[in-house]
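Novice: Single-letter residue listing:
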Amino acid sequence: MLKTIQNFFRQRSSADTAKQRLGVVLMHDRLDISPQLMEAIKNDIIDVLSRYMEIDRGTIKVDFEKGKDYTALISNVHIKRVYRNAAAM
Amino acid sequence: MAAQTLVVTSGKGGVGKTTTVANLGTALAKKGYKVVLIDADIGLRNLDVVMGLENRIVYNLVDIVEGKCRIEQAMIRDRKLKTLHIIPAAQTRDKDAVSPEQMKALCEQLAAENDYVIIDSPAGIERGFKNAMAGAQKALVVTTPEVSAIRDADRVIGLLEAHLLKDIHLIINRLNVKMVKKGDMMSTADIVSLLSIPLIGVVPESSEVVVSTNRGVPLVHERGSRVGQAFEKIAARLNGENIPLDDEEENGFLSRFKRIFGG
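Those protein sequence lines, which keep their order, are chains A and B.
Heads up, the first sequence is in the numbering used here, so the first residue is -5 and it goes up one at a time.
Heads up, the second sequence is in the numbering used here, so the first residue is 64 and it goes up one at a time.
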């Protein structure tokens, strides 16, 4: 009984950890995207966004996220300021 | 009837490919089908010892391909089942001794006179593996519930698909139900959702396998062997029989609970 309670309160089972780690590993294996390509994608995103807003280049993060039946590219950028007449440019 | 030509493969070594080939072949031959098993792991032959036929080898796969013997001369008949034969791998040759074209031609010839042709592939993604899959219409990917085996299985599935072999099924070998229940081993559902190919069977972990390999008698010959029964079910599913996937975990608390409450 004590063991069951301990198990219950244990942070995370090793099977869950394995599943989560494998999810990330397989996603990267399947996409086969090199760190150089990731860097290029990141720089292009910075270039595009910089036309319309002032962004914090140091904070940009680009990563993949695996959903049930999709893989998404997630990019997080801190925006400092949006150029007022960006749409008119 | 045209034969089913299957390749049994894996990314990582030591996950139980040869055991799978020996047991599936034996199970199908027990049903009366004509079965040929090909050991395509050239340089590292093992199917012969697992089947207990090591002392009968005269000719091998490379001898056939090089025209040193006829196919029938290299086929070794099983000790118990007269419709079961194996073609052993050469032990001293390099993995490239057989080309994909030669393998394909051999499989076609064997398919004309048998019900099942099952190819034991080398592990990994090297040329030996590509040769082994050349003649197959269907692939069975074997993995154990470990991160390294599953990752490598995923690579192999990718390669099979790239070579347009799309009929791929998964065998999970050495599942330890107790560990799954404790949360210390990934479950069948976890592995299937990661690899996203259809499951054809789950084989429990058991010390029986060591004994069977020691003796050179596949476990489907042993009555009451859980491993043997698991392989018999897989063989039946290959044969188109409708055997539901009530894998090992289904004996657990949760599924009993579900059964009671119709969940």
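Because the hints were derived from the structure by calculation, they are not lab data.
Hints may contain errors.
Unchecked claim - Per label pair, the in silico range of CB-to-CB distance:
#1 D57/A / I188/B: 25 to 31 Å
#2 E59/A / E135/B: 52 to 58 Å
#3 D57/A / M242/B: 48 to 54 Å
#4 E59/A / D247/B: 24 to 30 Å
#5 F58/A / Q136/B: 42 to 48 Å
#6 K229/B / R51/A: 58 to 64 Å
#7 Q14/A / P261/B: 19 to 25 Å
#8 N302/B / P29/A: 45 to 51 Å
#9 G17/A / P261/B: 15 to 21 Å
#10 S259/B / K55/A: 24 to 30 Å
We treat Cβ as the ideally placed atom computed from N, Cα and C, and that holds for glycine.
Novice: Determine which of the earlier numbered hints do not hold for this structure and return their numbers in increasing order.
Specialist: Failing hints, ascending: 3, 5 and 6.
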